[in-house]
Amino acid sequence: MADAYLGRLERDMAGGALHLLLLGLIARKAPIHGYALIRALAESTDGMLQFKPGTIYPILNDLEKQGIVRSSWVSGDTGPQRKAYELTATGREVLAGATTSWARLRQAVDHTLAGGKR
Amino acid sequence: MTNKILDEYLDRLRSALAALPADERDAVLAETRSHLEEAIHARLRMDPSAGRGRVTLEETVAFGDPAEIAAARGAASQAAAKRPRRWPRWASYGVAVVVVLLVAVVAIDLVNKPAQYTAYQRDNVLEAHTASVNDTFEVRPRTQTLAVTIVVERESGCAGVRITDPTGEVVLDQWDACGDVRRSVEAKPSLTGRVGEWRVEVRHRDFTGSILVHARGTLE
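The listed protein sequences derive, respectively, from chains A and B.
Going by the numbering used here, 56 is the number at position 56 of the first sequence; the sequence numbering is gapless.
Going by the numbering used here, 64 is the number at position 64 of the second sequence; the sequence numbering is gapless.
No lab work stands behind these hints: they were computed from the structure.
Here the structure is a predicted model, which is why all the values come from computation and not from measurement.
We put the beta carbon where it would ideally sit given N, CA and C, even for glycine.
Heads up, a few of these hints could be off.
With a straight-line Cα cutoff of 30 Å, these simulated DSSO-like cross-link-like pairs (lysine-lysine) come out [unchecked claim]:
| id | chain 1 | residue 1 | chain 2 | residue 2 |
| --- | --- | --- | --- | --- |
| 1 | A | 52 | A | 65 |
| 2 | A | 29 | A | 52 |
| 3 | B | 188 | B | 4 |
| 4 | B | 4 | A | 52 |
| 5 | A | 65 | B | 188 |
| 6 | A | 29 | A | 65 |
Residues of chain A placed beyond 12 Å of chain B at every Cβ, according to the derived structure [what the hints assert, rightly or not]:
| id | residue |
| --- | --- |
| 7 | 20 |
| 8 | 46 |
| 9 | 54 |
| 10 | 61 |
| 11 | 107 |
| 12 | 112 |
| 13 | 114 |
| 14 | 115 |
Produce the complete structure using the sequences and hints provided.
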């Protein structure tokens, strides 16, 4: 029971950070296509966060619909064209705001877990 | 170079995304194909001896189940998988028939893992004219869903696959792949009372072609 709940908790935590991580990676590595982005996500977290491509691509699609990222098809090394992503100006604003929020959230959680007294 | 397993997967994805506007669906399919071709190419570059069929199947499994992808896009298809009228026995299993035969199967190796059970073709040349192969995979108590896919591509002869649950009930039965060049079957059987050892039986006679059996379970 505890294992199952812990697993769910960990998935929720990973899921909560996923959008921020994707935006951060796109900002650093743009233009970047989906396959490379998914690999970068796993590598930058030492394999801790590995999501199915079928999970990531709908998020990218949604980010594009909201004007946070834009995409373009570029020629790939292996032949087929790839769809590469980069942040828009709106996306850069969102990333900056989300990064600040994440820092505040992390501080609040750490503070609470450490005893919470002010 | 054509890749039938990839094409089959994309066909299933296309069906699952039927509710999306055509241009959006085409964009999803194009990006999915691009990703998978790159992933397959990368795997084969690392291990040239790995079978293209097996790598393709692994990468499509890793990419995600088409129905789940469609649900994630809010585009769950209303269309049930089409059931081929000439195989009415499949209708009761709610099976979308996709049979792809992998070349020169002698044995099927099923690997049990906590969240995924994958069957691979062994790279042996078919010598015997008549042979049968038996193998098993285990469905563990925490497994919530099971998806079994049989993919058969026939060049000559006959081949068939039968899968039975721990009670001995036949879940998938494809004993008569003698006429078609290509068949594939997928089933998602209910797991109630079916925890334990499942059995895969393959029969072939004067058969050249390929058979792939893939069983994938997901834990709660």
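Pairwise hint evaluation, residue 4 of chain B against residue 188 of chain B, where the allowed Cα distance is 30 Å at most = Given that 30 Å is the threshold and the Cα spacing comes to 22 Å, the pair holds.
message = Please check whether the beta-carbon of residue 61 of chain A is more than 12 Å away from every beta-carbon in chain B.
response = violated, 7 Å
key: Nearest-CB test (12 Å) between chain B and residue 112 of chain A   = holds, 29 Å
key: Closest CB of chain B to the CB of residue 115 of chain A still more than 12 Å away   = Given a closest Cβ separation of 35 Å, the condition holds.
query = Far enough from chain B: is every CB of that chain over 12 Å from the CB of residue 20 of chain A?
reply = About 19 Å separates residue 20 of chain A from the closest Cβ of chain B, which puts it past 12 Å; holds.
ask   = Is the straight-line distance between the alpha-carbon of residue 4 of chain B and that of residue 52 of chain A 30 Å or less?
value = holds, 22 Å
query = residue 114 of chain A clear of chain B by more than 12 Å, beta carbon to beta carbon?
reply = holds, 33 Å
message = Just want to verify: residue 46 of chain A was marked as not at the interface with chain B; is every Cβ pair farther apart than 12 Å?
response = holds, 19 Å
request  = For the pair supplied as a hint, residue 52 of chain A and residue 65 of chain A, confirm whether the alpha-carbon distance does not exceed 30 Å.
outcome  = Holds: residue 52 of chain A and residue 65 of chain A sit about 21 Å apart, inside 30 Å.
ask   = Taken at face value, is the distance from the CA of residue 65 of chain A to the CA of residue 29 of chain A at most 30 Å?
value = Since the Cα atoms of residue 29 of chain A and residue 65 of chain A sit roughly 21 Å apart, the hinted pair holds (cutoff 30 Å).
task = Take a quick look at residue 107 of chain A and tell me if its Cβ sits farther than 12 Å from every Cβ on chain B, holds or violated.
result = holds, 32 Å
query = CA of residue 65 of chain A to CA of residue 188 of chain B, is that 30 Å or under?
reply = violated, 34 Å
Violated hints, listed in ascending order, are 5, 9, 10; each of the other numbered hints is respected by the structure.
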